[in-house]
Amino acid sequence: MKLVHKYVDRDGKGDMSFIPEEMDDIWHAYNLITEGDVVRASTVRKVNLESSTGSGTTFRTRTTLTVSVESIDYDAQGCKLRVKGRNMEENEYVKMGCYHTLDLVLNRKFTLMKMHWDSVALERVEIACNPTQSADVAAVIMQEGLAFVCLITSNMTLMRTKIDVSIPRKRKGFVQQYEKGISKFYDTIIQAILRHVNFDVVKCVLVASPGFVKDQFHEYMIQQAIKTDNKVILDNKAKFMLIHSTTGFKHSLQDVLQDPAVVNKIADTKAAGEVKALEQFYTTLQCEPAKAFYGKKHIEAANESQAIETLLISDSLFRSQDVNLRKEYVKIVDSVRESGGDVKIFSSLHPSGERLEQLTGLAAILRFPMPELDEDDEEDSETEE
Amino acid sequence: MSTHNIRSMDFEEECDAFDDVYGHSVEDDYSMSPSQAAFMYNRNNIQIGSYLNSQKDIEEEDEEIESNEELKKAKLESCVEQIRGTLGTTMTRQQIVDAVVGFDYNVERALNSLLNENPKTQESNRSSKVQTEDLPSSKVVGGSSGAQGKTRTVTKGFDVVVQKDVSRLSSTPDSQSPASGRGTPVNVDEELNKKWEPKIDVLAQYKKDRSDSKQHLYMIVIGHVDAGKSTLMGHLLCSLGQVHQKVMHKYEQESRKLGKQSFMYAWVLDETGEERNRGITMDVGRSQFETQNKLVTLLDAPGHKDFIPNMISGAGQADVALLVVDATRGEFETGFDFGGQTREHALLVRSLGVSQLAVAINKLDTVSWSKERFDDIKDKLKVFLKQAGFREADVTFVPCSGLSGQNLVKKSTENELISWYNGSTLLEVIDNFRPPERPISKPLRFSINDIFKGVGSRLCVSGRVETGCLSAGDRVLLCPSREIATVKSITLEDVPYPVVYAGDQPTVTLSGVEMENVSVGYIMCDIQSPVQVASKFQCRIVVFNVKVPITKGYPIVLHHQSLMEPASFSKLISQLNKSTGEVVKKRPRFLSNNTSAMVEIQVSRPIALEMYSEYKELGRVTLRVGGLTIAAGLITKIIL
Chain Y
1 MKLVHKYVDR
11 DGKGDMSFIP
21 EEMDDIWHAY
31 NLITEGDVVR
41 ASTVRKVNLE
51 SSTGSGTTFR
61 TRTTLTVSVE
71 SIDYDAQGCK
81 LRVKGRNMEE
91 NEYVKMGCYH
101 TLDLVLNRKF
111 TLMKMHWDSV
121 ALERVEIACN
131 PTQSADVAAV
141 IMQEGLAFVC
151 LITSNMTLMR
161 TKIDVSIPRK
171 RKGFVQQYEK
181 GISKFYDTII
191 QAILRHVNFD
201 VVKCVLVASP
211 GFVKDQFHEY
221 MIQQAIKTDN
231 KVILDNKAKF
241 MLIHSTTGFK
251 HSLQDVLQDP
261 AVVNKIADTK
271 AAGEVKALEQ
281 FYTTLQCEPA
291 KAFYGKKHIE
301 AANESQAIET
311 LLISDSLFRS
321 QDVNLRKEYV
331 KIVDSVRESG
341 GDVKIFSSLH
351 PSGERLEQLT
361 GLAAILRFPM
371 PELDEDDEED
381 SETEE
Chain R
1 MSTHNIRSMD
11 FEEECDAFDD
21 VYGHSVEDDY
31 SMSPSQAAFM
41 YNRNNIQIGS
51 YLNSQKDIEE
61 EDEEIESNEE
71 LKKAKLESCV
81 EQIRGTLGTT
91 MTRQQIVDAV
101 VGFDYNVERA
111 LNSLLNENPK
121 TQESNRSSKV
131 QTEDLPSSKV
141 VGGSSGAQGK
151 TRTVTKGFDV
161 VVQKDVSRLS
171 STPDSQSPAS
181 GRGTPVNVDE
191 ELNKKWEPKI
201 DVLAQYKKDR
211 SDSKQHLYMI
221 VIGHVDAGKS
231 TLMGHLLCSL
241 GQVHQKVMHK
251 YEQESRKLGK
261 QSFMYAWVLD
271 ETGEERNRGI
281 TMDVGRSQFE
291 TQNKLVTLLD
301 APGHKDFIPN
311 MISGAGQADV
321 ALLVVDATRG
331 EFETGFDFGG
341 QTREHALLVR
351 SLGVSQLAVA
361 INKLDTVSWS
371 KERFDDIKDK
381 LKVFLKQAGF
391 READVTFVPC
401 SGLSGQNLVK
411 KSTENELISW
421 YNGSTLLEVI
431 DNFRPPERPI
441 SKPLRFSIND
451 IFKGVGSRLC
461 VSGRVETGCL
471 SAGDRVLLCP
481 SREIATVKSI
491 TLEDVPYPVV
501 YAGDQPTVTL
511 SGVEMENVSV
521 GYIMCDIQSP
531 VQVASKFQCR
541 IVVFNVKVPI
551 TKGYPIVLHH
561 QSLMEPASFS
571 KLISQLNKST
581 GEVVKKRPRF
591 LSNNTSAMVE
601 IQVSRPIALE
611 MYSEYKELGR
621 VTLRVGGLTI
631 AAGLITKIIL
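Line by line, the protein sequences are chains Y and R. At position 295 of the first sequence (counting the first as 1) the number is 295 in the UniProt record's numbering, and the numbers step up by one without a gap. At position 62 of the second sequence (counting the first as 1) the number is 62 in the UniProt record's numbering, and the numbers step up by one without a gap.
I should point out that these hints are in silico values taken from the structure, not numbers from a laboratory. From the three backbone atoms N, C-alpha and C, an ideal C-beta is built for every residue, glycine too. Possibly wrong hints are sitting among the right ones.
[Said to hold, decoys possible] Partner residues are not named here, just some residues of chain R that face chain Y (Cβ under 10 Å, in silico):
(1) 237
(2) 241
(3) 306
(4) 497
(5) 570
[Stated by the list, open to error] In silico lysine-lysine, DSSO-like type, Cα no more than 30 Å apart, as pairs:
(6) R:585 / R:637
(7) Y:2 / Y:331
(8) Y:80 / Y:344
(9) Y:296 / R:214
(10) R:294 / Y:297
(11) Y:13 / Y:276
(12) Y:6 / Y:344
(13) R:571 / Y:250
(14) R:536 / Y:250
(15) Y:297 / R:586
(16) R:552 / Y:162
(17) Y:180 / Y:239
(18) R:637 / Y:291
(19) Y:276 / R:371
(20) Y:203 / Y:344
(21) Y:203 / Y:327
(22) R:208 / Y:180
(23) R:410 / Y:297
(24) R:250 / Y:180
(25) R:453 / R:410
(26) Y:239 / R:305
(27) R:305 / Y:250
(28) R:571 / Y:297
(29) Y:344 / R:552
(30) Y:327 / R:552
(31) Y:250 / Y:276
Okay, chain Y solo, but in the shape it has when bound:
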């Protein structure tokens, strides 16, 4: 993302202009814009004009509109953000208070005005505008009869296709049915890779599966590419990496990202760091349960005694509709930082973020054990029931 203009006054009120350049930037924008903000962007509006005689004409015109945001829609597949709201600045085409939906797309400048730029938002801007490009990675995760083709960017894991076919088992005298089924399955995956993976951008393609499916697939793909003289695959042969995973389901992507060979390749992606942090949380929970907690109530209590060393928080919490709730979360983040703790904001589009979200979206590793938190909870649960 390119930051074109920035003005934030002492109270945190101000406006910034951005030009999104990558897919991730749209995701950043989605996380920045909240309800009640004001967004200005160039857009196309259908205008009805009525002359004094009553005859009307309709035409479409490009105009710049400023809307006060009421709802936001994020389209990960289309890489688009739709911001709906009421018009704030009247111009010759659009009256005050008219509803309009702005489409924020790549390479189109937009301006965002907030009443209060909090620390989380400012940090997000900083991350978004950091020009160091991280490696884009494509991953094919599969098992016999099931495959996912995903794109992994630093902030998102986009599932592009799911392939689910039933393959007959090998049985005496029916082997050809199995072979037919499996080659059809592989063909579908190859098609999906060709369609969804842009080899100009993608640095490597991870092919992960349990057992020998990945080897079989890779062999088949190369063979097929030689047979059909498919330049795209043959030229990028070196980009394919075979990695072992425990299952072919999507959440196994986490195992794949932990593989040392993969970590070397994609060391700077956020995904790998998140996976590591979450793993650490689980290890702590196993070894010293009084030092790892999750859930808002526990975290707040731990925060009061400045006990939090590492805070894991899902960015979905900051997209909360409720402004006050968002403020509370920002307060937790700020106070943890103040007391010298580390805050890791997880992207909810990664599998690790999804997992954290299921774990209430908020987890922490403490500096010192606080067994009393656990006991409090037990009393609570008894009173509740």
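Starting from the known structure of chain Y, arrange chain R on it as the hints suggest.
For chain R alone, coordinates are given in the frame of chain Y:
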């Protein structure tokens, strides 16, 4: 308005007029006169002698649809919606559709005619409707199939009606569902009255059918990778004469060519090129042999940890298990240590309901038939198996060698072994297994573990009859997709059978269902008492060794019979005392090693399952994460 016209109308005349225009579209010739309303009303009311008329009527519909089907469909949909809005759901869709089409999509007229018609037809409806409501078990089926019928009308429009007019004529007028009548509540009713209750004689029938033959036993062979499972079984089959001499010779030659002569017996069970080249079993191999009293079907499970999902689906079908351990120094220890499959397999088969186990201590020839080694391994395993929940009396230990074939079928000829062992051979141990109880008198449950196109491109499924019995010609329900199919034929080890009972693993040819609508892990069940379908359930789990503690939202892979489905813990309800089952802690934050707990599990899409208390076979689940089995559970409550 229209009522008035009906009264003043001449029925005869109208009918004649209709005959005249046969072959044309009614709507083209007639203006929108109220007499048409009466006509429609009349036609539907003549119930018995009106076959001819209704047939003509359908053909006409066909013609007009061919002209501009899409437009009419859309029109019809909107009309039906409007009528539904006024009438509610008192009328069947088919009645509404008939009326709307008859009145050339004039909603008002159609409505009037329907309202007039209603009281009279309802009387005829009532008898059958009451029937449906009275029987609670049919409700589920009726509801679901009703919905099915409805969707079919939406997607296929009139085409189906025309094609299936024969069945429509044969069924009662109020069951005018276009779905060939098979999905209608009425038909289910008929079947319900026909069957299930009088099946008390099943047991007698079973005794009659099966008492003369040997008892059938399904045995799974498990153990760590390279323990020699396939070789042991291959040699056993070979010694029993199940493998032809010529074939064996071929294997020997070929395996020598590859430089893997020690794998020649394993090739009996590992049949694909992939498995032979790599020298490991990947999918469950099947074979059959006979002992003195039993007919044994052998399931050779893969030992490699990546193929445990295959092993689980195999173990779900087995009655007894044979655990093969490698006695070679160091090898047994690797297999038995944490992460070794000896432990995991034993725990898995126990949690999948296998209670009898034979332990074959293999490759004893590599330690020169040492008694100390045998006893050492035996003691270690005994302690572990006891913890795993096997009764001591149900576990037998046999020393043997798969490659040299010692103590498999015949008593050993090795002096070193005879000096201290005079117990039974492996074959005798297998022969001594007690056959488990077969729940034959329960409603049918059949778990599907393979789907393929059989002869004549018919859909074939194979799997295990968990409970009840299945006979050719039965109509069955496939859950969770709730498809109805008819059993065309049943074969057991390539021999056709008219009826199969619980415990059998037949191949069933089905008709009336598409391959796309069935997948591995589905349950085929009785229409009258269908299996439960849910995506959330409560279960009591025992946690094995976990690296990271289980928390809320922890993603897992759920294994239920042959089904493999991603799932997660949606709630940790309580932690239980492992032996007494008392609640130790309510709403625990996490579950760690070797605990027992009550949890709620959410599956990503609905699956077919049963409570453990009702159907043991379908009430068990196994939970795995990252290639490790972390817990096994019993379903205690089905939520949704």
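Hints breached by this structure: Numbers 1, 2, 4, 9, 10, 11, 18, 19, 21, 22, 23, 25, in rising order.
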